[in-house]
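Enquirer: Required output: the full structure, derived from the provided sequences and hints.
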Amino acid sequence: MRDSVEPAGREVRNRRAEPCADSWRRSATRLHVHVNTLRYRIRRIEDLTGRDLGTLEDRVDFFLALRATRPASSL
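Here the sequence shown stands for residues 4 to 78, numbered as in my numbering.
Just so you know, the hints here were simulated from the structure itself, not pulled from any lab data.
Be careful, since some hints might not be right.
Now the in silico label distances, taken between C-beta atoms and shown as ranges [to be verified]: (1) S76 - H37: 27 to 33 Å; (2) P74 - R46: 24 to 30 Å; (3) E49 - T72: 17 to 23 Å; (4) R28 - A68: 30 to 36 Å.
For clarity, every value in this text was computed on a predicted model and none was experimentally measured.
Note that CB positions come from ideal geometry on N, CA and C, so glycine has one too.
Expert: Shown next as structure tokens:
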């Protein structure tokens, strides 16, 4: 999964964003991007991975994958 979404994944990791699952606008604000940019990037990640971030199972998988790629010092 990481190889297929590396540009998008790197962006999320570089900004050390925590998900704001309840609000597109709040998530976009935390990432310092426009809400439409965030929606596009999420759609792109879904297209590349074949996963649906609208489901809890896929969100948890992505959350754990992003956590696993963080250096131990940032946890």
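Enquirer: Each hint: holds or not?
Expert: Evaluation of the provided hints:
Taking the beta carbon of each, S76 and H37 are about 31 Å apart, inside 27 to 33 Å as hinted. Hint check: P74 to R46, Cβ distance near 29 Å, so the stated range 24 to 30 Å holds. In this structure the supplied range 17 to 23 Å holds for E49 paired with T72, their Cβ-Cβ distance being about 19 Å. A beta carbon spacing of about 25 Å between R28 and A68 contradicts the range 30 to 36 Å that was offered as a hint.
Comparing the model with each numbered hint stated earlier shows that hint 4 is the single one that does not hold.
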